[in-house]
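A.B. asks: Letter by letter, the chains look like this.
2 protein chains.
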Amino acid sequence: MTQKVVTACLIIIGNEILSGRTQDVNLQHLAIELNELGVRLREARVIPDIEQTIINTVNECREAFDHVFTTGGIGPTHDDITAASIAKAFNAELMIHPEIEVRIRAREAPPEVMESRMLMARVPVGSTLVDNPTGGPQGFQMGNVFVMAGVPMVMQAMVSSITKERLGGADPVRSRSVGCYLGESQIAGGLAAVQDEHPDVDVGSYPFYRKDGFGTNLVIRGTDESELETIVEKLKVLIVDEGGEPQDPIG
Amino acid sequence: MTQKVVTACLIIIGNEILSGRTQDVNLQHLAIELNELGVRLREARVIPDIEQTIINTVNECREAFDHVFTTGGIGPTHDDITAASIAKAFNAELMIHPEIEVRIRAREAPPEVMESRMLMARVPVGSTLVDNPTGGPQGFQMGNVFVMAGVPMVMQAMVSSITKERLGGADPVRSRSVGCYLGESQIAGGLAAVQDEHPDVDVGSYPFYRKDGFGTNLVIRGTDESELETIVEKLKVLIVDEGGEPQDPIG
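In order, the protein sequence lines correspond to chains D and Z. Heads up, the first sequence is in the numbering used here, so the first residue is 1 and it goes up one at a time. Heads up, the second sequence is in the numbering used here, so the first residue is 1 and it goes up one at a time.
What the hints contain is simulated information worked out from the structure, not anything from laboratory work. The structure displayed is predicted, hence computed values, not measured ones. For every residue, glycine included, the Cβ atom is placed at its ideal position computed from N, Cα and C. Careful: at least some of the hints might be erroneous.
Claimed, not checked - Okay, the calculated beta carbon distance ranges per label pair: (1) E233(D) with L129(Z): 23 to 33 Å; (2) D241(Z) with S160(D): 37 to 47 Å; (3) E165(Z) with M95(D): 51 to 61 Å; (4) V232(D) with P152(Z): 25 to 35 Å; (5) E245(Z) with D131(D): 45 to 55 Å; (6) D248(D) with T7(Z): 39 to 49 Å; (7) G243(D) with R174(Z): 50 to 60 Å; (8) P152(Z) with E233(D): 30 to 40 Å; (9) M95(D) with P133(Z): 50 to 60 Å; (10) G168(D) with E93(Z): 38 to 48 Å; (11) R166(Z) with P110(D): 47 to 57 Å.
To be verified - Part of the chain Z face toward chain D, derived, beta carbon under 8 Å: (12) G20; (13) N35; (14) S116; (15) S185; (16) A192; (17) Q195; (18) S205; (19) Y209; (20) V219.
Okay, chain D solo, but in the shape it has when bound (with noise of 0.2 Å):
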């Protein structure tokens, strides 16, 4: 019954957003897409561009989990040292990808423009492409890590063409939520026992408030769907114990 579940951890390498220039959205994206390709986001780590902080990380992350994905830090300025530092923690060379280069020398430009952008084609010696739909320069897989752009939407695309065989997912995770104008605290007891009935089953209550009063949403999330339906059925009979009512999830 028990089937070997996928790990994984999102790296996000970028200044802009520690300074709080950015709001990061890349998270949420890959958190979504893995459900999908039964592959369960573990952790994710936000650091700055600084050579030996990559290094560090990268290292101890992809001992820790099953897959590793990086965003940022791979464009042509000073600042984008990432695949340099994967290389350094792997301890490979860096080399020109040839078919990166076809992409970047496809477009013309002057001398200067053309020796920064070439950066963007070097790839640790034993990497394997992760491509870009955009038609822009492809990211990289190096072992268990890949490597990819920080810009919400290159990012998507490079992580639409990585399949599920290449991750070796299971089961997709799925979720279902139920809302209800109750506080967490009236429901806290019934739903510890549901946790308790349910060990492979994730049980969140999420408290929300609104001009039109507060309650909290609960969220259950597995891989066995017949399972989902039971709990939801037990945590709507839940909330009317308590004197509410079930319905949607509450934004």
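With the hints as your guide, set chain Z onto chain D.
C.D. replies: This is chain Z only, laid out in the frame that chain D set:
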């Protein structure tokens, strides 16, 4: 000239972020507030509601950074294990904090609901409070770890109560931005030179793609306002030299 840099790490505790159900907004909010408080957010981690993971992550981060902030997991339900996990990380006992208890008991509730709610009054022995200006249960500070709610409205209220003096913050970190419709590769060389001339300032470039064209926003961050102004002028010259037109950052 060089001031002590005060560093921080944010630990976001919550399965709902890793599952993709919820878009985190606490990181960006904290980052922006810490800039004003003269503290540099150097790393963020998103971890699941698993006790040993919380303990290990907190213990690693409180050694590595001046301050650690956590969000999430301090509600009244079975998956709210942050306070107990922080206590274990510090080898401290849990206690009922009398000031939190007063707030919780001020709102009447049936005994079993009050019992669940009182879970929110538990703090490790040795903690001080982090105020909650919304009027709900407070967060707490244990050592250099600030434990806050995950609901953004409550988290933001708690952050607003933390003073620069409490964090020993240095000068505020300021930023300036210049946008242009030039590719990153076109300005990469000049930008690297500017970074070399101003090692204390963080010089970043962020490509964008819009219907009306593509280009790059240049962002500089540092504590010395006059140095930032000097660099802005250099960046404008660089953009003009490459045939572009400096303008406000392009969103």
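A.B. asks: Look at each hint and say if it fits the structure.
C.D. replies: Verification of the supplied hints:
Evaluation of the 23 to 33 Å hint for E233(D) and L129(Z) yields a failure: the beta carbon distance comes to about 41 Å. D241(Z) and S160(D) have their C-beta atoms about 38 Å apart, which keeps the hinted 37 to 47 Å range intact. At about 52 Å, the CB distance of E165(Z) to M95(D) agrees with the hint of 51 to 61 Å. Look at V232(D) against P152(Z): about 27 Å separates their beta carbons, and that is inside 25 to 35 Å.
Between E245(Z) and D131(D) the Cβ separation comes to about 35 Å, which falls outside the hinted range of 45 to 55 Å. Evaluation of the 39 to 49 Å hint for D248(D) and T7(Z) yields a pass: the beta carbon distance comes to about 43 Å. At roughly 53 Å, the beta-carbon separation of G243(D) and R174(Z) lies within the given 50 to 60 Å, and the hint holds. For P152(Z) and E233(D), the hinted distance range of 30 to 40 Å is satisfied, since their beta carbons lie about 31 Å from each other.
Restraint check, M95(D) to P133(Z): a C-beta distance of roughly 56 Å satisfies the suggested window 50 to 60 Å. The given range of 38 to 48 Å is respected by G168(D) and E93(Z), whose C-beta atoms sit roughly 44 Å from each other. The beta-carbon spacing between R166(Z) and P110(D), approximately 53 Å, falls within the hinted interval of 47 to 57 Å. Restraint check, G20(Z) versus chain D: the minimum CB separation of about 3 Å is within 8 Å; hint holds.
Checking N35(Z) against chain D by beta carbon gives a least distance of about 6 Å; that is within 8 Å, so the hint holds. The beta carbon of S116(Z) is positioned within 8 Å of a beta carbon in chain D (closest approach about 4 Å), and the interface hint is therefore held. At its closest, the beta carbon of S185(Z) sits 4 Å from a beta carbon of chain D; the interface hint therefore holds under the 8 Å criterion. The criterion of a C-beta within 8 Å of any C-beta in chain D is met by A192(Z), whose closest approach is roughly 4 Å, and the hint holds.
The interface hint given for Q195(Z) is met, as the beta carbon of that residue sits about 6 Å from the closest beta carbon of chain D, less than 8 Å. Here the hint on S205(Z) is kept, as its CB sits about 5 Å from the closest CB of chain D, short of 8 Å. With a least beta-carbon distance of about 6 Å to chain D, the hint placing Y209(Z) at the interface is held under the 8 Å criterion. The beta carbon of V219(Z) is positioned within 8 Å of a beta carbon in chain D (closest approach about 6 Å), and the interface hint is therefore held.
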